[in-house]
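Going line by line, the protein sequences match chains A, B and C.
The numbering used here numbers the first residue of the first sequence as 75 and each following residue consecutively.
The numbering used here numbers the first residue of the second sequence as 11 and each following residue consecutively.
The numbering used here numbers the first residue of the third sequence as 163 and each following residue consecutively.
Bear in mind the hints are in silico, worked out from the structure with no lab data behind them.
In this text, a Cβ means the ideal position worked out from N, Cα and C, and glycines have one as well.
No false leads were mixed into what you were given.
Heads up, simulated BS3-like pairs for lysine-lysine below, C-alpha to C-alpha not over 25 Å straight-line:
1. B:124 x A:218
2. B:241 x B:100
3. A:129 x A:253
4. C:229 x B:54
5. B:100 x B:87
6. B:54 x C:215
7. B:124 x B:54
8. B:241 x B:87
9. C:215 x C:184
10. B:241 x B:399
11. B:87 x B:399
12. C:215 x B:124
Across the chosen pairs, the derived CB separations fall in these ranges:
13. A:319 x B:153: 29 to 39 Å
14. A:108 x B:365: 36 to 46 Å
15. B:375 x C:242: 50 to 60 Å
16. A:87 x B:218: 50 to 60 Å
17. B:45 x A:253: 48 to 58 Å
18. A:205 x B:360: 38 to 48 Å
19. B:360 x A:92: 57 to 67 Å
20. C:222 x B:318: 27 to 37 Å
21. B:121 x C:218: 24 to 34 Å
22. B:180 x A:154: 46 to 56 Å
23. B:219 x A:154: 27 to 37 Å
24. C:244 x B:124: 29 to 39 Å
Here chain B is said to cover these stretches of chain C; the calculated rule only asks that three of the stretch's residues, wherever they fall, bring their Cβ under 8 Å from a Cβ of chain B:
25. 203-209
26. 217-231
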Amino acid sequence: MRPPAIIASAILRPAAEASWTDEVPQTMRRRDPRIWRMAHVVVSRCLASTGEHPKSIFAATAFGALEETRAFLEGIFASGFGSAKSFIASVHNSMAGKLAVDFSIAGPNLTFCDGPNSLASAIGGTDLLDECDFPVLIVAIDEKIELLRTLTPHLSPECRPLLGDAWEEAAAAFMISRKEDAAAVKVQATGPRFIGDVPAAHAIGSLAAEMVPGIGNSPELRTDASTPSGAGLLLHEFITSGANGRRIIATHSPAGRACAVIDVWR
Amino acid sequence: MAAVPIIGMGAVSAAGLTLDNAAAAVYDGIDGLSLVTRFETGLKQALRCAGIDASDKELADGPAPNRTLALAVCAVKQALASIPRPSQLKTGLVFATTVAGITRSERFYERLLKDQTHAVNAAAELAFHEPTALAGDLCRRFGLHEFHAISTACSTGLHSVGMAMRMIQRGRCDLCVAVGADALSLLTIRGFAGLLLLDPFGCRPFAQNRAGTSLGEGAAAIVLASEHAVKELAASPIALARGWGASADAHHMTAPHPQGAGAASAMRAALRDAALSPGSVDLIVAHSTGTPDNDAAEIKALQAVFGNPPPFCSMKRTLGHTLAASGILEAVFAITALTDGTIPATGGCDIPDPALGAAPSPRRRAALRTVVKNAFGFGGNNASMVFGKV
Amino acid sequence: MEELIETLKQQIITTLTLSDIKPADIDPDAPLISGNLGIDSIDTLELLVLLEKEYRVTIPDVNIGRKAFASVRAMAQYITDNRRP
Numbered sequence: 075m076r077p078p079a080i081i082a083s084a085i086l087r088p089a090a091e092a093s094w095t096d097e098v099p100q101t102m103r104r105r106d107p108r109i110w111r112m113a114h115v116v117v118s119r120c121l122a123s124t125g126e127h128p129k130s131i132f133a134a135t136a137f138g139a140l141e142e143t144r145a146f147l148e149g150i151f152a153s154g155f156g157s158a159k160s161f162i163a164s165v166h167n168s169m170a171g172k173l174a175v176d177f178s179i180a181g182p183n184l185t186f187c188d189g190p191n192s193l194a195s196a197i198g199g200t201d202l203l204d205e206c207d208f209p210v211l212i213v214a215i216d217e218k219i220e221l222l223r224t225l226t227p228h229l230s231p232e233c234r235p236l237l238g239d240a241w242e243e244a245a246a247a248f249m250i251s252r253k254e255d256a257a258a259v260k261v262q263a264t265g266p267r268f269i270g271d272v273p274a275a276h277a278i279g280s281l282a283a284e285m286v287p288g289i290g291n292s293p294e295l296r297t298d299a300s301t302p303s304g305a306g307l308l309l310h311e312f313i314t315s316g317a318n319g320r321r322i323i324a325t326h327s328p329a330g331r332a333c334a335v336i337d338v339w340r
Numbered sequence: 011m012a013a014v015p016i017i018g019m020g021a022v023s024a025a026g027l028t029l030d031n032a033a034a035a036v037y038d039g040i041d042g043l044s045l046v047t048r049f050e051t052g053l054k055q056a057l058r059c060a061g062i063d064a065s066d067k068e069l070a071d072g073p074a075p076n077r078t079l080a081l082a083v084c085a086v087k088q089a090l091a092s093i094p095r096p097s098q099l100k101t102g103l104v105f106a107t108t109v110a111g112i113t114r115s116e117r118f119y120e121r122l123l124k125d126q127t128h129a130v131n132a133a134a135e136l137a138f139h140e141p142t143a144l145a146g147d148l149c150r151r152f153g154l155h156e157f158h159a160i161s162t163a164c165s166t167g168l169h170s171v172g173m174a175m176r177m178i179q180r181g182r183c184d185l186c187v188a189v190g191a192d193a194l195s196l197l198t199i200r201g202f203a204g205l206l207l208l209d210p211f212g213c214r215p216f217a218q219n220r221a222g223t224s225l226g227e228g229a230a231a232i233v234l235a236s237e238h239a240v241k242e243l244a245a246s247p248i249a250l251a252r253g254w255g256a257s258a259d260a261h262h263m264t265a266p267h268p269q270g271a272g273a274a275s276a277m278r279a280a281l282r283d284a285a286l287s288p289g290s291v292d293l294i295v296a297h298s299t300g301t302p303d304n305d306a307a308e309i310k311a312l313q314a315v316f317g318n319p320p321p322f323c324s325m326k327r328t329l330g331h332t333l334a335a336s337g338i339l340e341a342v343f344a345i346t347a348l349t350d351g352t353i354p355a356t357g358g359c360d361i362p363d364p365a366l367g368a369a370p371s372p373r374r375r376a377a378l379r380t381v382v383k384n385a386f387g388f389g390g391n392n393a394s395m396v397f398g399k400v
Numbered sequence: 163m164e165e166l167i168e169t170l171k172q173q174i175i176t177t178l179t180l181s182d183i184k185p186a187d188i189d190p191d192a193p194l195i196s197g198n199l200g201i202d203s204i205d206t207l208e209l210l211v212l213l214e215k216e217y218r219v220t221i222p223d224v225n226i227g228r229k230a231f232a233s234v235r236a237m238a239q240y241i242t243d244n245r246r247p
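Full structure from sequences and hints, please.
The following block contains the structure:
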């Protein structure tokens with residue numbers, strides 16, 4: 075099948091955009107979880123840049139609505155009562171569900187929870203859809219919460235660097251189409267692929283070479299991301315740069331002992 | 011698109027630790043619920059759930075970092091038991107879960123709230139918190155390579171089968187294992203209770219004055235293979251995966267579309283995918299949780315798609331609502347029902363609700379060629395699949 | 163009963179953070195859900211906690227819940243009928 079094209083893309087970087095909350099609709103301001111608001115804003119931005127309306131939606135998230143899960147459990151343990159809204163939001167697919175409701179997206183709705191590999195997993199997952207399910211909206215999102223900050227120093231040596239201060243909280247949204255469009259950026263992805271004890275760098279090189287024969291392990295093409303939204307930021311950067319050529323965005327999940335690669339080119 | 015052969019299945023649930031042991035209980039609609047004793051639910055009312063009377067170690071036949079993974083290992087082991095894994099076959103896994111490692115993480119957090127120094131145990135306690143960690147471990151244990159971990163609440167298990175079917179159809183795998191698993195947890199029990207979704211005594215699907223669902227725990231696995239792999243492995247297909255439909259209600263976060271529009275759309279998509287008409291369906295294994303809204307919406311959807319629906323049933327009084335596992339666990343029994351030529355009874359439906367305009371079938375024998383399985387999740391997420399006899 | 167209704171109105175406003183609503187805006191006999199207060203069925207579930215914490219009454223299932231949360235007066239009636247001494 076013809077590789078899909080990315081026809082719209084948008085990002086949200088809360089730390090760099092203090093006024094992003096101005097874009098949150100009034101109805102969401104009273105009680106909706108922060109991660110839902112982030113998702114809503116980035117999708118609004120993405121849809122604003124294209125006349126196409128998505129038929130399907132995929133979410134890519136490592137932790138889901140972690141703050142809501144935490145808040146619900148804290149309520150149960152501390153007072154015996156957990157908030158109903160927190161529980162509803164805590165299911166991993168709550169963002170994709172809420173987006174489907176708010177933006178009237180009635181087609182296939184899947185949420186990929188493959189840690190750092192989630193965005194690649196979702197992009198590869200679009201291969202499993204039919205033509206009539208396109209365009210697909212893919213949203214990569216993770217929320218940075220206080221609890222994660224407290225726990226990071228105590229995580230395993232492999233996980234720590236991924237979740238340290240270097241990690242920027244973000245959301246990214248992409249509209250993927252199967253229509254013929256010579257000018258648009260094309261994308262494909264492989265993985266997650268279980269690698270076991272094979273060093274990640276080596277495994278990623280093999281995966282990249284599988285997708286793009288002859289590419290070897292060219293460092294200038296490869297950028298590693300530590301979260302699905304981080305991979306999203308890199309993908310968005312390539313799209314908006316207008317550059318020709320290709321970029322490999324690689325990810326590795328120490329928890330899943332798996333790697334994935336996104337290949338994007340113009 | 012061509013139907014995909016199913017060459018292995020496994021299941022562990024309140025109805026039995028193996029698939030074969032459990033089928034008879036499912037067909038009879040036996041009450042599989044019992045009081046929760048493994049942990050304190052903190053609820054004022056005693057709660058009946060479909061818990062499994064086996065330790066994590068017994069389930070996994072060895073140590074396992076959490077109960078959800080132990081359940082998954084049990085199911086996959088059964089499914090792959092008689093299937094060799096020659097290295098030249100491309101293998102894959104699609105893993106479905108809601109809870110993942112929460113059974114352990116929630117206890118970690120409970121201790122952390124009382125004693126901050128407990129944070130030093132984070133690495134060990136949270137290593138298998140994420141869905142992808144469980145999926146990766148299953149790949150390690152069973153020699154599988156390409157995988158996806160997905161989570162779409164109560165529809166996930168059935169989506170995992172649809173995705174595995176597609177992975178074969180698209181040539182990404184020669185052999186793909188779909189597996190769904192969820193263990194009982196404080197998070198889900200308290201969460202469902204707080205949403206008024208539970209009938210503490212026991213769910214009564216399609217019944218008059220039904221008042222809610224009953225939670226359960228379990229796992230199931232289905233192994234799908236390409237025609238090439240079937241030949242290589244000299245396998246005998248059990249049944250065929252013929253179609254997959256996926257949709258969203260895009261209506262409300264917890265209440266289904268009242269006319270079941272999204273559910274109908276998913277069923278129609280599955281039938282289109284299978285190139286079958288509604289008239290060729292002999293049995294529907296409904297999602298039917300026993301909540302007033304879900305059952306009403308599902309019947310409306312069945313009527314919209316089928317007119318007068320074929321025989322249908324719900325398995326949730328026997329198996330409980332096993333969340334992400336439910337779609338695939340019940341699909342496994344839908345397939346055994348298909349091959350056994352048995353329409354299962356619906357446990358708990360004492361008096362069918364006359365307002366629904368349709369009632370589930372009693373247990374009886376019938377020549378079945380095609381069965382539809384539905385699974386609907388929070389956020390209005392709908393999955394439907396068509397399975398057929400070989 | 164009227165005193166309970168007035169107290170409940172204030173507690174609903176606080177629990178659901180309805181910052182631009184005053185007790186006088188709430189009609190005790192109007193439908194709570196999808197009425198003009200902008201409350202949906204999920205919000206009423208938050209009120210379950212209020213019922214248990216403040217009034218020590220529980221709702222055993224959704225059918226009873228729907229009746230109890232039909233209006234502020236219905237809530238007051240349920241509390242009156244079910245609160246333990």
